[in-house]
Amino acid sequence: MAEEVSRRPYVREMGWRWIFRHPRYVRYMLREFSCLFIGGYTLIMVWGLKQLAEGPAAWQAFLEWLRSPASIVFHAVALGFALYHSITWFNLTPKAMPLQLGEDFVADGLISGAHFAGWAAVSLAVLYFAGAF
Amino acid sequence: MSERAVELEVLRYNPETDREPHFQRYSVSCREEWVVLDALNHIKETVDPTLSYRWSCHMAVCGSCGMMINGEPRLACKSFLREYRGVIRVEPLAHFPIQRDLVTVIDDFMDKLARVKPYLIPKHEKPLAEGEYRQTPAELKKFKQYSMCINCMLCYAACPEYGLIPKYIGPAAIALAHRYNQDSRDGGRDARQEEIAATEGVWECSFVGACSEVCPEHVDPAGAIQQVKIKSTVDWYKEHLMPWLKK
Amino acid sequence: MARSNKPLVWGPFAAGGTLTAFLTPALIVLTLLAALGHPPDALGYERLHALVHNSFFKFGLAGVIGLSLWSAAHRLRITAYDLGVRADALVAAVLYLAALGCTGAAIYHLLRI
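One line per chain: the protein sequences are V, U and A, in this order. Going by the numbering used here, the first residue of the first sequence is number 1, and it counts up by one from there. Going by the numbering used here, the first residue of the second sequence is number 1001, and it counts up by one from there. Going by the numbering used here, the first residue of the third sequence is number 2001, and it counts up by one from there.
To be clear, the hints were calculated from the coordinates, so they are not data collected in a lab. Just to be clear, a hint being listed does not mean it is correct.
To be verified - The list that follows gives simulated cross-link-like pairs (lysine-lysine, DSS-like), each with its CA atoms no further than 25 Å apart:
hint, chain 1, residue 1, chain 2, residue 2
1, V, K95, A, K2058
2, U, K1117, U, K1231
3, U, K1167, U, K1117
4, V, K95, U, K1238
5, U, K1141, U, K1126
6, V, K50, A, K2006
7, U, K1123, U, K1142
8, A, K2058, U, K1117
9, U, K1123, U, K1078
10, A, K2006, U, K1167
11, U, K1231, V, K95
12, U, K1167, U, K1231
13, U, K1144, V, K95
14, U, K1142, U, K1231
15, U, K1123, U, K1238
16, U, K1044, U, K1078
17, U, K1231, U, K1123
18, U, K1144, U, K1231
19, U, K1142, V, K95
20, U, K1141, V, K95
21, U, K1141, U, K1231
22, U, K1123, A, K2058
23, U, K1144, U, K1117
24, A, K2006, U, K1231
25, U, K1142, U, K1126
26, U, K1144, U, K1123
27, U, K1123, U, K1141
28, U, K1117, V, K95
29, U, K1144, U, K1126
30, U, K1117, U, K1141
31, U, K1142, U, K1117
Hey, can you work out the whole structure from these sequences and the hints?
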């Protein structure tokens, strides 16, 4: 038998600074933070529904708030984060849903591409039927 | 053959004499075409025989020489000196306790691999007289990529969730379970679900994707994990919303 | 090790994440246009009120809001843990209840329209 060597393993602390260890962790955090803006925007929608329920004057007040600088800045930032969420989400679809046709798997690009195409179609439909253009 | 002056900053730790790890710098003359492992071997042979690290095949198939090189989990035998400028920082693989110098304690990983029952559990008893299992190329392709894991643990070093939650079973273990679940000869998915569909299984994963990025064999453990999540979720809702369905 | 009940919260998260990926950018553009002084026709009081008055639309809107808030709550819970907040059970309870509460408020207002 080999002689006993004292074992005193050293455990390195993790902390929270790991998010800066590599660009991929920063990108991950940005993706995760999109939830603040998507959630925040949804809350604005809820508030809008409240104003809509309370009548034309309340709804006008909501539209006026939308025109405020704070709202414009929020919308711009939220749109950026929402787009980032969509792009990262659809890029990950081939990993979660591999499709085997015959022997080979459908190319990643086709699966995410189909999602992007669907996204474009849905967005255009929403904008068109809402009378945005 | 040209020479190259290389400076390595290596994290040292002697459990018998040190309270904490500390960096030690080595300046050595290396060959232009060497990898970091060659530089370490050169240091051990000519400068400091006390430097400890794991290595074996020197050709990226055994998975022994995983370490943090300039903060990234890499195989030392696959990290060419010419990829780096300036001082090269070499540390033991992240998220594992340090045993000595660049040697980590990997007991946790070995336990987790065994827990997922990484062997074929046939659907039915198949006597020898019935002959061998036959598999089409399509059936092979379904699991082949997940069988390429060399147990190098780079994915565990890259995964922040494993670093934050040591109980998390981790990418390689789940990819290994998935390899067997996807094998047409296997019927053991139910047994493996007890381990990988547990809280410390796939559910600690937040799809950072770092594991698949650092994997030297392109196993794509992140993909395996998401597929297990989706299947487990469908199963769960079927079981709870339609309990009359046979498994 | 027992199988986790995580799918209970993960299922709606995945559904909400998919929904917000498809829908949220276009929705933001609608109110952004209003913010910039060019509100789309649908955001006029009469038209929007008539649209939301429809029961199917209410149901759909409640679903979109519910899943969007749930998905955001779940992601925020994970992020809190990633940043070192260890009280996961507490964070989860607060965030999920907030999501459900705000969804309840949305449904309340929808029913008034």
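Are K1142/U and K1231/U close enough, with their CA atoms no more than 25 Å apart? holds, 15 Å
Proposed proximity, K1117/U with K1142/U (alpha carbon, max 25 Å): Status holds; Cα separation ~19 Å.
Checking one constraint from the list: CA of K1123/U to CA of K2058/A, max 25 Å. Satisfied? violated, 49 Å
Taking only the CA atoms, is the gap from K1123/U to K1141/U under or equal to 25 Å? Status holds; Cα separation ~20 Å.
Check whether the Cα positions of K1123/U and K1142/U lie no farther apart than 25 Å. holds, 18 Å
Against the 25 Å threshold, does the CA-CA distance of K2006/A and K1167/U hold or violate the hint? holds, 16 Å
Please work out if K1123/U and K1238/U have their alpha carbons no farther apart than 25 Å. Within the cut-off at roughly 22 Å; holds.
Does K1117/U pair with K1231/U here, judged by a C-alpha cut-off of 25 Å? holds, 19 Å
Against the 25 Å threshold, does the CA-CA distance of K1141/U and K95/V hold or violate the hint? holds, 15 Å
Is K2006/A within 25 Å of K1231/U, Cα to Cα? holds, 13 Å
Does K1126/U sit within 25 Å of K1141/U, going by the straight-line distance between their CA atoms? Roughly 23 Å separates the two Cα atoms, so the pair holds.
Straight-line alpha-carbon gap K1167/U to K1117/U, limit 25 Å: holds, 18 Å
Against the hints set out earlier in the document, violations occur for numbers 1, 6, 8, 9, 22.
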